[in-house]
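*Asks:* Spelled out, the chains give:
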Amino acid sequence: MVSKRPHTRKPAALSGAFAPGDPVRVAKRPVLGHCRTPWYLRGKPGVVAAVYGRFRNPEQLAYHKPGLPALVLYKVRFAQGDLWGRYAGPAGDHLEADIYEHWLEPIT
Amino acid sequence: MHDHDHDDHDDDDHGHGHAHPHAPPQKDHDAGPAGAYEVLEEAIRSLLIEKGVLTGQEIAAQVDLMDSRSPALGAKVVARAWADPAFKRRLLEDARAALAELGIDIGTLAEFRTVENTAKVHNVIVCTLCSCYPKMLLGVPPAWYKSLAYRSRTVVDPRGVLAEFGVELPKGVEVRVHDSTADLRYIVLPMRPKGTRDWSEEQLAALVTRDSMIGTALPAAPGKRTPSRKKAAA
Chain A
1 MVSKRPHTRK
11 PAALSGAFAP
21 GDPVRVAKRP
31 VLGHCRTPWY
41 LRGKPGVVAA
51 VYGRFRNPEQ
61 LAYHKPGLPA
71 LVLYKVRFAQ
81 GDLWGRYAGP
91 AGDHLEADIY
101 EHWLEPIT
Chain B
109 MHDHDHDDHD
119 DDDHGHGHAH
129 PHAPPQKDHD
139 AGPAGAYEVL
149 EEAIRSLLIE
159 KGVLTGQEIA
169 AQVDLMDSRS
179 PALGAKVVAR
189 AWADPAFKRR
199 LLEDARAALA
209 ELGIDIGTLA
219 EFRTVENTAK
229 VHNVIVCTLC
239 SCYPKMLLGV
249 PPAWYKSLAY
259 RSRTVVDPRG
269 VLAEFGVELP
279 KGVEVRVHDS
289 TADLRYIVLP
299 MRPKGTRDWS
309 EEQLAALVTR
319 DSMIGTALPA
329 APGKRTPSRK
339 KAAA
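Read top to bottom, the protein sequences are chains A and B.
Just so you know, we're using the numbering used here here: the first sequence kicks off at 1 and counts up by one.
Just so you know, we're using the numbering used here here: the second sequence kicks off at 109 and counts up by one.
Bear in mind the hints are in silico, worked out from the structure with no lab data behind them.
A virtual CB, placed ideally from N, CA and C, is assigned to each residue, including glycine.
A couple of the hints might just be wrong.
Stated by the list, open to error - DMTMM-like, lysine to aspartate or glutamate: derived pairs with alpha carbons at most 25 Å apart:
| hint | chain 1 | residue 1 | chain 2 | residue 2 |
| --- | --- | --- | --- | --- |
| 1 | A | Lys65 | B | Asp265 |
| 2 | B | Lys279 | A | Glu59 |
| 3 | A | Lys44 | B | Glu276 |
| 4 | B | Lys254 | A | Glu59 |
| 5 | B | Lys228 | B | Asp213 |
| 6 | B | Lys254 | B | Glu158 |
| 7 | A | Lys65 | B | Glu149 |
| 8 | A | Lys28 | B | Asp265 |
What the hints assert, rightly or not - Partial list, derived from the structure: chain A residues whose beta carbon lies under 8 Å from chain B:
| hint | residue |
| --- | --- |
| 9 | Phe18 |
| 10 | Val51 |
| 11 | Glu59 |
| 12 | Tyr63 |
| 13 | Ala88 |
| 14 | Gly89 |
| 15 | Pro90 |
| 16 | Tyr100 |
| 17 | Glu101 |
| 18 | His102 |
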């Protein structure tokens, strides 16, 4: 029923490849099986809003694997105008989602 | 208009007060044969117990724990944050520790973040992948939160969805959608309603609705739920 999903919260393990403010793009790749990166965000540009620390890889946990090494998880901010061809609301509207590091690419 | 064709209804016309027919008998939810998922759940549950992974008591205790959670718990947290700015800061910085101060253990399954509504930002929570929800503070999610319509439309047309909930926001207010895609659960800290200056935490909590903590509503206006009775009690 309830699967235990322990995670590490050691400050030393917090830092990853990206820092708040970094422009990033969500990788555009297909994946077989369980994945926590929504399709509608793949290939989309955003900005790192927060670094949440390391969490076990859900793509492995879903199949009873240890999910290690744990991945850095980021909160990424997307401008709604970048997500949808015809976003109806004002340009200031945003969407935030939590994305694991292996799905993020730097925008240079 | 009421053109139902229930068998039980044809003994009466609907125009006359107490002569209403009884409601058609409702079937018990378990009257039919068990569906595939029910069979699967029962099989897995019995296996887990037989193999000693879980006991029946542990399962019952978890069900009790979930049943003990309700939006009243979240409302208490919001009211404290409104009443105590230092608590609000701690809540926004480290929700787990702040909630522990109120004796609320959010468990180890997920991290918690509180997102604050301001005059410039209105937050709304969704989970497009499944139905992640801050259960440890709000209890079992409403059915609409898990619906495909809410989950898909909130990300692409949040203002349209909010309008259907009766929330119309000026264009100058940013709508910020939080898609709970991973290990964090979000709860919205709504704005404290005007006209509640010297209210007690109990009075404030009465204004905090479940939906206002999801972001699909604003807290009740103080005028609508008059505090006089509660004021006397406080």
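*Asks:* Now look at each hint and say whether the structure bears it out.
*Replies:* Verification of the supplied hints:
1. A:Lys65 to B:Asp265: At roughly 37 Å apart (the allowed maximum being 25 Å), Asp265 of chain B and Lys65 of chain A break the hint.
2. B:Lys279 to A:Glu59: Violated, at roughly 39 Å.
3. A:Lys44 to B:Glu276: Violated, at roughly 28 Å.
4. B:Lys254 to A:Glu59: Given pair Lys254 of chain B, Glu59 of chain A holds - Cα atoms ~22 Å apart, limit 25 Å.
5. B:Lys228 to B:Asp213: violated, 31 Å
6. B:Lys254 to B:Glu158: At roughly 32 Å apart (the allowed maximum being 25 Å), Glu158 of chain B and Lys254 of chain B break the hint.
7. A:Lys65 to B:Glu149: The hint holds at about 22 Å.
8. A:Lys28 to B:Asp265: holds, 23 Å
9. Phe18: Violated - the Cβ of Phe18 of chain A stays beyond 8 Å from chain B, reaching only about 15 Å at its closest.
10. Val51: violated, 12 Å
11. Glu59: violated, 11 Å
12. Tyr63: violated, 16 Å
13. Ala88: holds, 6 Å
14. Gly89: It holds, given that the least Cβ distance between Gly89 of chain A and chain B is near 5 Å, below 8 Å.
15. Pro90: holds, 5 Å
16. Tyr100: holds, 7 Å
17. Glu101: violated, 11 Å
18. His102: Result: violated, 12 Å to nearest chain B Cβ.
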